[in-house]
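Participant: Listed below, chain by chain, are the residues.
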Amino acid sequence: MTAAIAHAPAAAAAVPKAQFDWRPLALLVGLIGLALPAIGAPSTWVTLTVAGLAMGLIIFVIASGLTLVFGLMDVLNFGHGVFIALGAFMATTVMAAMTPWAGDSGALQLLSVFCAMAVAMAVAGAVGWAFERVIVRPVYGLHLKQILITMGGMIVGEEIIKVIWGPLQIALPLPAVLAGTWLLGDASVEKYRVIAAGIGLLVFAALAFTLNRTKVGLLIRAGVQDREMVESLGYRIRRLFVGVFVAGSALAGLGGVLWGLYQQNVTPQIGAQVNVLIFIVIIIGGLGSTLGCFVGALLVGLMANYTGFLAPKVALFSNIGLMVAVLLWRPQGLYPVTNR
Amino acid sequence: MSANLLELTGVHTHIGAYHILHGVDFAVPEGGLTMLLGRNGAGKSTTLRTIMGLWQASQGDLRFKGRSLKGLATPDIATQGIAYVPESMGIFGDLTVKENMVLAARLASHAGELDTGRLDWIFGLFPALKKFWLYPAGKLSGGQKQMLAVARAIVEPRALILIDEPSKGLAPSIIRNLIEAFGELKRQQTTILLVEQNFMMAKALGDTVAVMDNGRVVHRGAMAELAEDEGLQQRLLGLSLGAHQ
Chain V
1 MTAAIAHAPA
11 AAAAVPKAQF
21 DWRPLALLVG
31 LIGLALPAIG
41 APSTWVTLTV
51 AGLAMGLIIF
61 VIASGLTLVF
71 GLMDVLNFGH
81 GVFIALGAFM
91 ATTVMAAMTP
101 WAGDSGALQL
111 LSVFCAMAVA
121 MAVAGAVGWA
131 FERVIVRPVY
141 GLHLKQILIT
151 MGGMIVGEEI
161 IKVIWGPLQI
171 ALPLPAVLAG
181 TWLLGDASVE
191 KYRVIAAGIG
201 LLVFAALAFT
211 LNRTKVGLLI
221 RAGVQDREMV
231 ESLGYRIRRL
241 FVGVFVAGSA
251 LAGLGGVLWG
261 LYQQNVTPQI
271 GAQVNVLIFI
281 VIIIGGLGST
291 LGCFVGALLV
301 GLMANYTGFL
311 APKVALFSNI
321 GLMVAVLLWR
331 PQGLYPVTNR
Chain U
341 MSANLLELTG
351 VHTHIGAYHI
361 LHGVDFAVPE
371 GGLTMLLGRN
381 GAGKSTTLRT
391 IMGLWQASQG
401 DLRFKGRSLK
411 GLATPDIATQ
421 GIAYVPESMG
431 IFGDLTVKEN
441 MVLAARLASH
451 AGELDTGRLD
461 WIFGLFPALK
471 KFWLYPAGKL
481 SGGQKQMLAV
491 ARAIVEPRAL
501 ILIDEPSKGL
511 APSIIRNLIE
521 AFGELKRQQT
531 TILLVEQNFM
541 MAKALGDTVA
551 VMDNGRVVHR
561 GAMAELAEDE
571 GLQQRLLGLS
581 LGAHQ
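Residue numbers (the working numbering), protein chains in the order written: chain V, 1 to 340; chain U, 341 to 585.
Mixed in with the good hints there might be a few duds.
As the list claims (entries may be wrong) - In silico DSBU-like pairs for lysine-lysine, Cα to Cα no more than 35 Å straight-line:
# : chain 1 : residue 1 : chain 2 : residue 2
1 : U       : LYS526    : V       : LYS215
2 : V       : LYS215    : U       : LYS543
3 : V       : LYS191    : V       : LYS162
Claimed, not checked - To give an idea of the interface, some chain U residues facing chain V are shown, with a C-beta separation under 8 Å as derived from the structure:
# : residue
4 : GLY411
5 : LEU412
6 : ARG446
Think of the hints as simulated: they come from the structure by calculation, not from any bench.
Using N, Cα and C, we set each Cβ at its ideal position, and we do this for glycine too.
The whole structure should be built from the sequences, with the hints applied where relevant.
Facilitator: Here you go:
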């Protein structure tokens, strides 16, 4: 087990290169391009596009773990929303405690936000571990029971949140350092949305690196396609699944913080509200596909913002319409996973 | 050939309400190639899956190097040194050939840690894999996928390789290529249990044979004896080698 096989990759030059499928990305660019004439004012278009991308990237952070959980073990976790709500409520507690301490210092305000994110991820990850062990594990392979018990788990989780934080909406104001806008010509772009989009991109980059450049990532991608074969090669896919479930729950907790700050308030039902969007995203993207989840989330975020401005009455249904259109075009989703 | 590497004794397997294996008995001698033959539905693939723990035996015992495999999970069985090439090949289509090989090499965390000498030997057996090293495995032809499936099983030394119908649906030239590759593995003293419907392949490669019918082993012996006895072939498999020549 020593030297690298330098000759092997070189030999591949003679082979026609596998084509990357650009069409879903072209659809994304096309949607952004078509929105400009429909909206008319470029400044409004810029504002809506940035808002849509930020919303999409937050949804991606939330949905990325769920799509891998489904891909790896065929587990339909309708309780994913509880981790979102948990993350958002943990943020209210941490930030309420740290805001007076942070005072007017921008750096300390940022530190309080990052502390809130770290605590939310840790708590959501820990609860995710218990959720998998107690609720999901007994129903492996039983889809109907998975749907029922994970939905039940979310209802119980929501009630526990009401017991701890109360049933009412709680404000989650942006710290002063993240509030306000930047002006791009005539367009105003909210600072927080740009930062949330940046965090979403960082998560995407970290996931892409892990999935494509590490052996654990290779195992996850292989397990999504054929978990029985991964086990036959000598790897314990259950352990991998628990790890992915915990990481997915932690990311949902992070997404909950981002979403709560995006809305500037949180309710115990926040998870259930976002659940609909994240299931649309993972279906549009192709079950188990991280890249599909990324493109699907951006499409959903942009569509919600554009239709919210252009035709508010149909905004609620726009993403259902988007899902139907995508599935008519690609029944397996934008980037279907082979073997599924 | 010496002692038995794998021994199955009275193995029964149920899949849901169906009783598929009804007391399978046979052994795989170390260092040889054992053929597992039988008509469609005889229980050959179920036997391999039971050995791998993908379906658990409900009765009987399976012993590998003298230790029982019964009740062990599939990863534990694999890490004892058993490689498995399923009938479906189990290729990870979204991964490149290189990534498939890295995954199969449990000791390597990336391609740079693959055993160079062994990889060259594999490229000698299956040159197409070198050519398509960075290509998505899902885009390979059927024959190339089968080569990759076998290559994955031998990317690191394994004590026993279970291969399920590798010639299924392949062109004669690819089958000849596989026969040559398995012949080379035999020369390396690799122990192989090979399920096949292609009797010519079985005749060319097999040292010993077990023939299954209705979930039982109905014949055990030397492959050469079965290859010479057309009456036995007709009785056990419903064919004669003469008809295939």
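Participant: Given LEU412 (chain U) was flagged as interface, is its beta-carbon under 8 Å from a beta-carbon of chain V?
Facilitator: Since the shortest Cβ distance to chain V is 12 Å, the answer is violated.
Participant: Taking only the CA atoms, is the gap from LYS191 (chain V) to LYS162 (chain V) under or equal to 35 Å?
Facilitator: holds (31 Å)
Participant: With a cut-off of 8 Å on the beta carbons, see whether GLY411 (chain U) makes it to chain V.
Facilitator: Result: violated, 15 Å to nearest chain V Cβ.
Participant: Hey, LYS215 (chain V) versus LYS543 (chain U), does the alpha-carbon distance stay inside 35 Å?
Facilitator: violated (40 Å)
Participant: Going straight from one Cα to the other, do LYS526 (chain U) and LYS215 (chain V) come out at no more than 35 Å?
Facilitator: Cα-Cα ~31 Å, so holds.
Participant: Have a go at the ARG446 (chain U) hint: is there a Cβ in chain V nearer than 8 Å to its own Cβ?
Facilitator: Holds, because the Cβ-Cβ distance from ARG446 (chain U) to chain V comes to roughly 5 Å (cut-off 8 Å).
Checked against the numbered hints above, the structure violates hints 2, 4 and 5; every other hint is satisfied.
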